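Undergrad: Each chain is listed here by its residues.
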Amino acid sequence: MESINLNHLFPTKTSNFAKDEIFDVAVVGAGVVGCAVFKEFCEQGAKTVLVEKANDILDGASKGNSAILHTGFDAPPDTLEHKCVQRGYEEYMKIKDDYNLPFLNTKALVVAWNDEQLGKLDAILQKGLGNGVKELDLLTHEQIMRKEPNLSLDAKGAILVHGESLIDPWSAPLAYVKKGINCGGKIAFSHEVKDGHHNGKYWELQTSQKPINAKVIINAAGLYGDIVDKIKGTQDFKIIPRKGQFVIFDETAYNLINSIILPVPTKRTKGVVITKTAFGNILVGPTAEDQESRTDSQTVKETLEDLKTKAFHMLPALKNHKVTATFAGLRPASDETYYRVSINDEKNWITAGGIRSTGLTSSLGLAKHIFELHNTRYEKNPKADEKVTVPNISEFAPRDNQKEGYGKIVCHCECVTEREIKNACHGELGAGNIGGLKRRTRAMMGRCQGFNCEAAVTQICKNEVKNHE
Amino acid sequence: MNNIQIAIIGAGPAGLSAALELKKLGYDDLLVFDREDEAGGTPRHCGHLGFGMFEFKRVLSGPDYAKKLAKLAIDSGVNIKLKSTLTKVENGVLTFSTPEGIKQYKPTYTLFALGARETPRPDRLVSGTRSPNIITTGALQRFAYLQKIKPFERAVIVGSEIVSFSAIMSAKHAGIKIEAIIEEKDEIDSFCIIKYMVKYLLKIPVLTNTKLKNINGEDKKVTSVSVSTDEGEREIPCDGVIFTGQFTPESSIMQKSFDDFNFSNNSLYISQNFQAKDDGFFVAGNVLRGALAAFKCYFEGKKVAKNIHDFIRFKHQPELIKIEADENISWYYPSMIDLKSPTKQHLTALRLKRRAKGAIKVLLNGRMIYKKNIHAFPFMSINIPWKDIELKPKDEIKLEFVSS
Ligand SMILES: Cc1cc2nc3c(=O)[nH]c(=O)nc-3n(C[C@H](O)[C@H](O)[C@H](O)COP(=O)(O)OP(=O)(O)OC[C@H]3O[C@@H](n4cnc5c(N)ncnc54)[C@H](O)[C@@H]3O)c2cc1C
Ligand SMILES: Cc1cc2nc3c(=O)[nH]c(=O)nc-3n(C[C@H](O)[C@H](O)[C@H](O)COP(=O)(O)OP(=O)(O)OC[C@H]3O[C@@H](n4cnc5c(N)ncnc54)[C@H](O)[C@@H]3O)c2cc1C
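Those protein sequences? They're chains G and X, same order as listed.
So the numbering used here is basically just the index in the first sequence, starting at one, shifted up by 1049.
So the numbering used here is basically just the index in the second sequence, starting at one, shifted up by 87.
Mixed in with the good hints there might be a few duds.
[Claimed, not checked] With beta-carbon atoms standing in for the labels, derived distance ranges:
#1 Pro472(X) / His1211(G): 43 to 49 Å
#2 Gly1181(G) / Gln191(X): 46 to 52 Å
#3 Thr295(X) / Asp1164(G): 46 to 52 Å
It is worth saying that the hints were derived from the structure and are not from the lab.
This structure is a prediction, so every number in the text was calculated from the model and none was measured.
By construction, the Cβ of each residue, glycine as well, lies at the ideal position given by its N, Cα and C atoms.
Turn these sequences into a full structure, and let the hints steer you where they fit.
TA: Written out as structure tokens, the structure is:
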């Protein structure tokens, strides 16, 4: 009997650049924002390093979200968020095919469940039009039922938002980082930025491993954005983590809805979203709970029950389906609602903080915006137009188990192959921890939660890690 | 596309014994499929003794039992296709993912023998942290017996169905210390002799009336569980949690593919012939209702084989009446009665979700036609006789439990 704890399966990664290397730019934090910024700067020709305290990308806010590509129809008008969400959406559409990234235009319905909400639809429509989102329709009860026959008869009216879509929240950032590396960017995992000072020429960042030198720092530390920002000397904002709990239903429920079902936002209560996911499930959530802790993503039974009850009310047939997973994500919300993006030219410091609840969509747009703020010319990277692809793990395109030679299927619920698991263990961008393995493959994320495959997955990963030492 | 006469999906005790029996009855155009790379089903990883007594008159371990069954099948010429995952059933065509690519078969008769799984943590909506060290008995067995891996040092077992005993033995095999067994109900969910064995022989605390409140820990690690009892809350330090039991059929593929699904049983409606409503489909073993002992599934497999044989020979046109059940009933079968079947129905077997005293009632078109006073345990089956009841097409039958 060998003692193997899944939490210690993957070795700590080291970086592959010299200690005295001086980068043009260091991006702190490999959440979706940091990954997109890294890609942009690498493509533009800046010598860039991505510094991340975890042993993998997406270990913070970006690991658990609703995976909706937003149109910005309900964004606060004329804000940076509004601009970046729309720009991010556009960018995603431009690159998705090159990167083999999935996209499903499900459309969304903002459903009014009572007269009070019904009265608000027009204002939402006007706001959407004002935000430049033209493809919006008001639907009557009958029209809703024709589109969504399983929805509760209580649906009084809705706005159909044509552009709202679903993506894979994990493969997209992975693709961004891969592109950055392909352009020569460097990455330093398990490097927690602890402190730093500017020596007159460049920043020297102290980390939990070796120090990192860069002329400009971009703080994309998400839930720790305010703490990292202190390094520059002043602190302009405070992060107030906002937890969002989710309930995921089995793939048997997948066809119960066609569109994303969004709530009419009200001041008092935040409604619940019901949507399909790229992985073939139905997602219900998220809640919005302010908290002190930046790490506590525990779920709470009563809250999950409440989510289920609300969802059953809107979509009664969901009752007949099993819960596959429950989890919580933490939004890096700040003490103000807007994005905390700023440049301090004197200090050579850019902050991309408080990217609360639209970062998955806005990240590519935000990255462009930040590069423009940075306002420095580099020689464009010769590989900027080269394609890099990531494996598809979504249900929107053929998966590995449909292509022969995969060895065997290891995770039966999610149909994950031995080949996929092995590949996910390798390389500079291989899984750095068990969560990373799940996000690259979906292994153990299905209805049996490892009843069938956890032991086998552990064995395969152990052998792969050993073989590649 | 391959046309075949009979396809059996699942090479566990139910599927393999059905295959053996059909082979004996002379059926050669028969294929058994399983998604694993070894035949034998769930017993493959039940490393402890407790199998084969009724089938082979010997006490075997799960893996030995699985091997024996698989060998019997292969020796008698049954063709088993391994690493073949059924992913879709549409218009009578079965689609499989295999390492050689997608394969499709169109069988005249299909038997689903897909087994069952335990309910893992999410569907139980438990508060607390997430961790790979929160597992089920099945996962623990695969760690301990198949991969020879010890995933954590000391654990708490949640639930006290008979399978929790399996969890104890598997943990012992792996060298994992069990800190306690906790059970929400006021008594254990299996014969009380088990409780005394666990408590006095194995010296493991069995905490009934104890609710799991929270799994404590951070960063994918478990540090303890908080439990509450009448006396208040307390913490039990541990680095692993094993959820046991609450078996549920491995039936998602059927739920996805068939219009008419029985949500009480989480399986298809089946008649006394183990025949589904859709033409040519049969169901047997644990995928009908959750876990029974392997020998029951083995004998059920034999029985369904004979039913398939009869159906092929006599080709009667089924006339089906559905049986529904209320929410006190955890499972029941058959869930339809075929009035035209040569096998006359005598019994419906059912189990309740919790221990209760009261009466089981059978309602025919809303009128009570049968009543039985019972004191039922969730781990014991109750039988309802049908022999004196005349049924007509379009009758509606409902099973009800009323507590006293
Ligand atoms: C419940 C929920 C639902 C959501 N739904 C959607 C949606 O449907 N659509 C959408 O567009 N957006 C959605 N979002 C928003 C989106 O997920 C966030 O905006 C985004 O993840 C923020 O990313 P980030 O990169 O800013 O932060 P993070 O992901 O937290 O990244 C910051 C990174 O910095 C690292 N780090 C921190 N401190 C240090 C240090 N000192 N040194 C080195 N590294 C450090 C962290 O480890 C982390 O990896 C949702 C968010 C939540 C929580
Ligand atoms: C932890 C545990 C301990 C147990 N201990 C005992 C014990 O001590 N004594 C005892 O008598 N019984 C025990 N049992 C119960 C016993 O294992 C089952 O009763 C028996 O295995 C059920 O047989 P089955 O053929 O119905 O299903 P299974 O044995 O589960 O076989 C089903 C087969 O179907 C395959 N399958 C499922 N879906 C697909 C698909 N889509 N495509 C292809 N193949 C598929 C599976 O891979 C599996 O091989 C235990 C069960 C468990 C989980």
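Undergrad: Quick check: which numbered hints come out false for this structure?
TA: 1
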